[in-house]
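Undergrad: Sequence:
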Amino acid sequence: MAYPRHMSISDAIKQYGLPKSHRVYWSKAKKADVVQAVHDRVISFHEARERYLLSRSEFEQWERESGRASTAATKRTLEDA
1 MAYPRHMSIS
11 DAIKQYGLPK
21 SHRVYWSKAK
31 KADVVQAVHD
41 RVISFHEARE
51 RYLLSRSEFE
61 QWERESGRAS
71 TAATKRTLED
81 A
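Per my numbering: the sequence shown = residues 1 to 81.
Hints may be right or wrong, so weigh each one.
Straight line, CA to CA, 27 Å or less: simulated DSSO-like cross-link-like pairs of lysine-lysine [as the list claims (entries may be wrong)]: (1) 20 / 31; (2) 20 / 30; (3) 30 / 14; (4) 28 / 14.
Calculated from the structure, these hints are not laboratory results. In this text the structure is predicted, and so the values were computed from the model without any measurement.
Build out the structure end to end from the sequences listed, making use of the hints.
TA: Below you can see the structure in the form of structure tokens.
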């Protein structure tokens, strides 16, 4: 859990302005927002994967599209998922 204990995942997603579910039009900006949230540890990759129905390779593609290279910590998180 990357967000404070007193905050729910729903509150963290609202605060960061992320889509509520996978049923949205995935613009480059929305994809980049999800990538940024995972990198900033607002939500975990596992949480993003479940909420947005993402595969590891799809998330990595979103990273490339957003210009965000995987950090060592993110790579470990992706390997654990």
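Undergrad: Each hint needs a verdict: does it hold in this structure or not?
TA: To see whether the hints hold, each was checked on the structure:
Proposed proximity of residue 20 and residue 31 is supported: the alpha carbons are some 13 Å apart, at most 27 Å. Using a Cα cut-off of 27 Å, the hinted pair residue 20 and residue 30 holds, with the two alpha carbons roughly 11 Å apart. With a C-alpha separation of about 13 Å, the suggested pair residue 30 and residue 14 falls inside the 27 Å cut-off, and the hint holds. Restraint check for residue 28 and residue 14: satisfied, since their Cα atoms lie roughly 19 Å apart, inside the 27 Å limit.
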